[in-house]
Each structure stands twice: as structure tokens, then as C-alpha cells.
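Number of protein chains: 2
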Amino acid sequence: MSKDKKAVVLLSGGLDSATCLAIAKSEHYEVHTLSFRYGQRHSYELDRASNLSREFGAASHRIVDIDLSQFGGSALTDPELEVPKHDDVQGIGETIPITYVPARNTVFLSLSLAFAETISATDIFIGVNALDYSGYPDCRLEYIKAFEAMANLATKAGVEGDGSMRIHTPLIQLTKAQIISKGLALDVDYGVTLSCYDPEEGGVPCRRCDACLLREKGFADNGVLDPSLC
Amino acid sequence: MSKDKKAVVLLSGGLDSATCLAIAKSEHYEVHTLSFRYGQRHSYELDRASNLSREFGAASHRIVDIDLSQFGGSALTDPELEVPKHDDVQGIGETIPITYVPARNTVFLSLSLAFAETISATDIFIGVNALDYSGYPDCRLEYIKAFEAMANLATKAGVEGDGSMRIHTPLIQLTKAQIISKGLALDVDYGVTLSCYDPEEGGVPCRRCDACLLREKGFADNGVLDPSLC
Numbered sequence: 360m361s362k363d364k365k366a367v368v369l370l371s372g373g374l375d376s377a378t379c380l381a382i383a384k385s386e387h388y389e390v391h392t393l394s395f396r397y398g399q400r401h402s403y404e405l406d407r408a409s410n411l412s413r414e415f416g417a418a419s420h421r422i423v424d425i426d427l428s429q430f431g432g433s434a435l436t437d438p439e440l441e442v443p444k445h446d447d448v449q450g451i452g453e454t455i456p457i458t459y460v461p462a463r464n465t466v467f468l469s470l471s472l473a474f475a476e477t478i479s480a481t482d483i484f485i486g487v488n489a490l491d492y493s494g495y496p497d498c499r500l501e502y503i504k505a506f507e508a509m510a511n512l513a514t515k516a517g518v519e520g521d522g523s524m525r526i527h528t529p530l531i532q533l534t535k536a537q538i539i540s541k542g543l544a545l546d547v548d549y550g551v552t553l554s555c556y557d558p559e560e561g562g563v564p565c566r567r568c569d570a571c572l573l574r575e576k577g578f579a580d581n582g583v584l585d586p587s588l589c
Numbered sequence: 360m361s362k363d364k365k366a367v368v369l370l371s372g373g374l375d376s377a378t379c380l381a382i383a384k385s386e387h388y389e390v391h392t393l394s395f396r397y398g399q400r401h402s403y404e405l406d407r408a409s410n411l412s413r414e415f416g417a418a419s420h421r422i423v424d425i426d427l428s429q430f431g432g433s434a435l436t437d438p439e440l441e442v443p444k445h446d447d448v449q450g451i452g453e454t455i456p457i458t459y460v461p462a463r464n465t466v467f468l469s470l471s472l473a474f475a476e477t478i479s480a481t482d483i484f485i486g487v488n489a490l491d492y493s494g495y496p497d498c499r500l501e502y503i504k505a506f507e508a509m510a511n512l513a514t515k516a517g518v519e520g521d522g523s524m525r526i527h528t529p530l531i532q533l534t535k536a537q538i539i540s541k542g543l544a545l546d547v548d549y550g551v552t553l554s555c556y557d558p559e560e561g562g563v564p565c566r567r568c569d570a571c572l573l574r575e576k577g578f579a580d581n582g583v584l585d586p587s588l589c
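Protein sequence lines correspond, in order, to chains A and B.
Using our numbering, the letters of the first sequence map in sequence onto residues 360 to 589.
Using our numbering, the letters of the second sequence map in sequence onto residues 360 to 589.
A couple of the hints might just be wrong.
For chains that are exact copies, the list does not tell them apart, and a pair is met inside one copy or across any two.
Stated by the list, open to error - For lysine to aspartate or glutamate, the following EDC-like pairs were computed, each having C-alpha atoms within a straight-line distance of at most 20 Å:
hint, residue 1, residue 2
1, Lys541, Glu414
2, Lys515, Asp437
3, Lys365, Glu575
4, Lys576, Asp557
5, Lys515, Glu501
6, Lys364, Glu441
7, Lys541, Glu560
Simulated from the structure, these hints should not be mistaken for lab results.
Let's have the full structure, built from the sequences with the hints guiding it.
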């Protein structure tokens, strides 16, 4: 792989996307990170995304404004809706929860595609995960494959017919524990990352939403303390 | 078809999308129009989209802000790049022109999908056209079909597996003349629409860009005067 091949990496500032960024770097891509101010409940994760981009020497980091809260329909963008809290991971992922943001990954991947095309990148990395996840439809491999097929028809590359646009999902078949193990091997500083859907003042994790509980279990399975809780 | 079935209609304010809106109305959908302030060179078309939404009794009209000019790469969003001007339609559509906005339809359709999902609509209308067009990759039927397949995996409807999300492209196989003929039969007031890529002050068409030339030919082929030029 050429050392200069460009890749766009979707970076929320959470554990998964941070690991995904580390993987893209380890594969010698020139990484361009993209984050979204989409009307989420808090912006702490955007600060984390900036820090991570710096730490990993991203060639550029952009925060794109796209207000998905104007459409409503999710506890992550509608302050009127409560983020569900639980005592353990039991039942997470069995149904689509209220934290699902309609078509969010499709919107994010589409904007990544637009950006990739303008910088002549054909590789996009997204840290979706189909195992320890919240049950979102747009985290499944069949969805990603369909997006990739569409992307190869949507763009100039598609017309030229070389099918070169690739959506990389290095985490999709990993458990949260395996993701963390991989990230630790690649020196990801998880102390910088924030996974919580509903953090307290200052970005302190609630420790009871789906994202916090899955993360906690992942660190426990590795027998490691989560540095963001120290 | 139920009289109350909701549809999302992408509405730029141009001739094609106005006709598409008229067709959706004629099929008895409750139409919700969506326009985009995406960093285009001018906003005249957004005023036209508002007028058309009112004229056709849209149940709602939203203008979504998504700044594609931050990515650059197109004469439609970058004031530094010139919109090409010609004397006739010869050669239009043979190559992808500089007015192509990277992945624009993918971004617009993705946002329509997000909106459709929140209002429980499963029908999206887009006025793309694969014949008299400027040669954009994301105006072709194979692209639209790939988007539809992806949309049916991206959403709650996709998980429930009913494949109900439909992207309607009633103009895709029509010539510009046929589109205009159809619109006139449905009482579209083309005097309200604006197709020009690069209008003069007040929204006066330049009459020399691809969009103006294709439109002019379409009216001429119908033996009708373009009311927007009167």
C-alpha cells in the first residue's frame, strides 16, 4: 500500500472511531478525519475528535454542520426524549432503541463520500460494529456493502467503472473487548475518548446508557481499567 | 393509493423538480418538500422552491443547510470556478462537467431518507433525468436503484425487512421536451421555476449554461414560449 494513499476517517470521538483511526494510520494512509455537529445532545465528543486527530497526526480534521435535530425522532438529538438507562448490558441490541438517529450513518457516509471525491480519496473508514452495538440498522455489514455499491455508481469513479470506492469497517465483526484490545496494541489513548450518549457536565460518562455499559464490559473483559474513568 | 400517503419531494426550484412535485401531487400523495442551501452560487432557486411548495399545497417545506462548498470541487459551489457557457446543446452530457457537485444527490437523498423516516414516509421523489442532462453520474437509473437498495437496509423499515422504501424518478427516461409537456398538462407554472446555474442579478437566466440551453431546447421542441423568459 502506498504511504500517501488518502483515506477519510469518520471520527465521533468515541472508542470505536478512535480505534478505527488508529487502524487506518497503522495501514499507512494519509488520514483526513471528519466529524459532525449534527444536533447531538452534547459537543464534548467533538473536542475529543479534535484531540484524537492531533494525536494521530491527521492531515486534516473537519467538523461538518448538519442539523439532524430539525427532523427529530431520536433521543440523541431531541432534548425532550430521555436516553434510556440500564443496570447491565442484558437486552441491549435486541430492538432498535430511541437513541437511533434516522439514517445517521447514511448521511455521514454520504458527506464523507462527497469529501472523499473532492480530495481524490477512494477509501473511507467507519467504526461501525455489528456485535456489541445498540441494534442500529445502519451498523450491519449488508448495509455497508449496499452503501459501497451505491457509492461506486454515485461518483466520477463510478462512471469510469473502476469500482474503486471502498468503505472500510475494520471493527464490524469484533466484540467491544476485541476492539479495545486492538486499540491498546495500537496505543490508542482511550482516556481521550468519550462514548456516553448522555454525559454529565464536563463530559463525565453517565455509566448507565447502552454505550457506557457496553464500553465498561469491554474493558472488564480485557481486565483493564478504562482510563477515562480514572 | 391512499390519499394520505406521505411522500418527500426534493425540490430545487428548477423545471425538473417542479414537474416531479406536480406528478407526486397528481398521484395523491401528501407531499413534504425538501430544499437545500448547500453553498450554491445563488439562492434564487430557494425562493422559487418556496413559491412552488405553496402553489402545490405541500404539507410542509423545509430548507436544510448543508454546506457542500466547504469541500469544494465544483463550479456550482466554488465562486473561483467559472460555470461553462456554450452556444448550443452540442456535446452536453458527454463528459462530467465542472458543474458536477461531488456526491450531491447522494447527500440530498440521504437527508431525504432521514426526514422520510422521521415522518414515517416511505416514498421519496427526485426529478433526476438521464437523457437531457449534464452528464452527472448520480442521475442514472442504476445509481438510483442502488440507493434504494441501500435505503432499504439503512432504516428501521430495512430491519423489518419489508423493502418498502421507494425512490421515485418519474422523469428519468424522459427528454426535456417530454418533461415540459407533462408539466404543462399538470398546470406547472414554469414562470416560477429557475434552471440556470449562473443567473444574473434578480435571478435572470444566463441562457448560455448547460441548464439554460437544455431548457430552451425543451420549450422549443414543444413549440411553446418559456414563461420565465417573457
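So, going through the hints one by one against the coordinates:
For the identical chains of this complex, Lys541 and Glu414 are intra-copy neighbours only, at 17 Å inside a copy versus 57 Å across copies, given an alpha-carbon limit of 20 Å. Taking the shortest alpha-carbon separations for Lys515 and Asp437, only the inter-copy value of 18 Å comes in at or below 20 Å, while the best intra-copy value is 37 Å. Taking identical chains as interchangeable, the C-alpha atoms of Lys365 and Glu575 are never at most 20 Å apart, the minima being 33 Å within one chain and 42 Å between chains. Only within a single protomer do Lys576 and Asp557 lie at most 20 Å apart by alpha-carbon distance; the minimum there is 18 Å, versus 56 Å between protomers.
Taking CA atoms no more than 20 Å apart as the test, Lys515 paired with Glu501 passes between copies only; the shortest distance there is 14 Å, against 24 Å inside one copy. Neither within a single protomer nor between protomers do Lys364 and Glu441 lie at most 20 Å apart by alpha-carbon distance, with minima of 42 Å and 30 Å respectively. Within a single copy, Lys541 and Glu560 get their C-alpha atoms no closer than 30 Å, and across copies no closer than 57 Å, so neither meets the 20 Å cut-off.
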